[in-house]
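For the record, the sequence lines run as chains A and B. Under our numbering, the first residue of the first sequence is numbered 1, with each subsequent residue one higher. Under our numbering, the first residue of the second sequence is numbered 1, with each subsequent residue one higher.
In short, the hints are calculated from the structure, not lab data. Any given hint could turn out to be false.
Which copy is meant is left open, because identical chains are indistinguishable; a pair holds if it fits in one copy or across any two.
[As the list claims (entries may be wrong)] The calculated lysine-lysine pairs, modelled on PhoX-like cross-linking and capped at a C-alpha distance of 25 Å, are:
(1) 161 with 4
(2) 80 with 10
(3) 128 with 161
(4) 150 with 169
(5) 4 with 151
(6) 169 with 151
(7) 64 with 129
(8) 161 with 151
(9) 3 with 161
(10) 28 with 151
(11) 161 with 150
(12) 4 with 28
(13) 161 with 10
(14) 64 with 128
(15) 80 with 169
(16) 105 with 4
(17) 3 with 64
(18) 110 with 10
Number of protein chains: 2
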Amino acid sequence: MAKKIFPLEKVYALLEPGPVIMVSTALKGRPNIMTMSWHTMIDFVPPLVGCVISDRNYTFDILKRTGECVINIPTAELAKKAVGCGNASGRTVDKFKAFGLTPVKASRVKAPMIGECYASLECKVVNKKMVNAYDLFILEVVRAWVDPRKKDPRTIHHRGKDVFMLSGKTLRVPSQMK
Amino acid sequence: MAKKIFPLEKVYALLEPGPVIMVSTALKGRPNIMTMSWHTMIDFVPPLVGCVISDRNYTFDILKRTGECVINIPTAELAKKAVGCGNASGRTVDKFKAFGLTPVKASRVKAPMIGECYASLECKVVNKKMVNAYDLFILEVVRAWVDPRKKDPRTIHHRGKDVFMLSGKTLRVPSQMK
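The shape of chain A in the complex, shown without the other chains:
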């Protein structure tokens, strides 16, 4: 795998631009993937992430039971597979097999990472208080992996049914903040 361990204090910069993510989980050794983009950073260190996962999704059940997942960030080449994973249910399909994705053993959680994604964030559920009301899980990123060769990843951003935006030009605006 081309990914290397990535500093936890920089994780916010991966998720803040709002990419589509592929959340991988495992239940009794059986892996699953769901595609979504309802997530937000909640704190820098340790990195906390809020993820809204509908209780109609199989991933909701697995996450509630295991308390572990991996947030994987795909780039443009994976767009079709990401959408495909979003259209199938892990209750009946092994999505790693069906979409030709590679499960890679994670270091801190039992859920596998997705080898083809340029970044993978191993996560543990740290707060379920908003799960009943809003399907909102608070996750802590316990280890992050990023492919250091991907300097300018073309991430995928959902704009509504069938429509996505690919990340574009870089803009630098100096801040006065320290």
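The hints should help you fit chain B onto chain A, whose structure is shown.
Here is chain B on its own, set in the frame of chain A:
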């Protein structure tokens, strides 16, 4: 103002790609703006949005007291002003005046909209249970306004200190979902 009322059920498509937003508020008739990008959709209809606003920000105090704000979405032309608003504090500066932005009267909340932003979402706080633990406010969008001439808005996406990504190409990937 060029903005028209926008259907609430389509609001998710504005926020899901993860743009930098400018949150406007008002306390006793005095308006304020803060720039941020820690937000996520939480539900479609009515549109619910989770926003993480640090308790060190003046906007945190105003939002706690008034329970109202407007989420404004800037495009590339406003990048410098958006960063400038993020670097100043509304405790000492009237940011509308300091950055040459136009407060526009909203219809359902007392906070003003930012005239120059292509979209403005009038919001009310509907849940503060996660404010103490995570600075996380749950907002309901009660009215949305979008400039219909902006078919392909170049939104701004934060990638870490001083670095932003502008929204790029559109990609269509047909979904099997109904």
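We went through each hint and held it up to the structure:
For the identical chains of this complex, residue 161 and residue 4 are inter-copy neighbours only, at 22 Å across copies versus 34 Å inside a copy, given an alpha-carbon limit of 25 Å. For a Cα distance limit of 25 Å, the shortest separation of residue 80 from residue 10 across copies, 23 Å, qualifies, whereas the shortest one inside one copy, 28 Å, does not. In this assembly of identical chains, the alpha carbons of residue 128 and residue 161 never lie at most 25 Å apart, being 29 Å within a copy and 31 Å across copies at closest. Taking identical chains as interchangeable, the C-alpha atoms of residue 150 and residue 169 lie at most 25 Å apart whether they share a chain (15 Å) or sit on different chains (19 Å).
Taking CA atoms no more than 25 Å apart as the test, residue 4 paired with residue 151 passes inside one copy only; the shortest distance there is 13 Å, against 39 Å between copies. Taking identical chains as interchangeable, the C-alpha atoms of residue 169 and residue 151 lie at most 25 Å apart whether they share a chain (13 Å) or sit on different chains (19 Å). For a Cα distance limit of 25 Å, the shortest separation of residue 64 from residue 129 qualifies both inside one copy, at 12 Å, and across copies, at 21 Å. For the identical chains of this complex, residue 161 and residue 151 are inter-copy neighbours only, at 16 Å across copies versus 29 Å inside a copy, given an alpha-carbon limit of 25 Å.
Taking the shortest Cα distances, residue 3 and residue 161 sit within 25 Å of each other only across copies (23 Å), while inside one copy they are farther apart (31 Å). Taking the shortest alpha-carbon separations for residue 28 and residue 151, neither the intra-copy value of 36 Å nor the inter-copy value of 47 Å comes in at or below 25 Å. Taking the closest pair of Cα atoms, residue 161 and residue 150 come within 25 Å of each other only across two copies (18 Å); inside a single copy the shortest separation is 28 Å, beyond that limit. Neither within a single protomer nor between protomers do residue 4 and residue 28 lie at most 25 Å apart by alpha-carbon distance, with minima of 27 Å and 51 Å respectively.
Only between protomers do residue 161 and residue 10 lie at most 25 Å apart by alpha-carbon distance; the minimum there is 10 Å, versus 31 Å within a single protomer. For a Cα distance limit of 25 Å, the shortest separation of residue 64 from residue 128 qualifies both inside one copy, at 8 Å, and across copies, at 23 Å. Proximity of residue 80 to residue 169 under the C-alpha cut-off of 25 Å is found in both arrangements, the shortest distances being 22 Å within a copy and 16 Å between copies. When the C-alpha separation of residue 105 and residue 4 is checked against a cutoff of 25 Å, the pair qualifies only within one copy, where the shortest distance is 13 Å, while the shortest distance between copies is 50 Å.
For the homomeric pair residue 3 and residue 64, neither the shortest alpha-carbon distance inside one copy (28 Å) nor that between copies (42 Å) is at most 25 Å. Proximity of residue 110 to residue 10 under the C-alpha cut-off of 25 Å is restricted to the intra-copy arrangement: shortest distance 23 Å within a copy versus 37 Å between copies.
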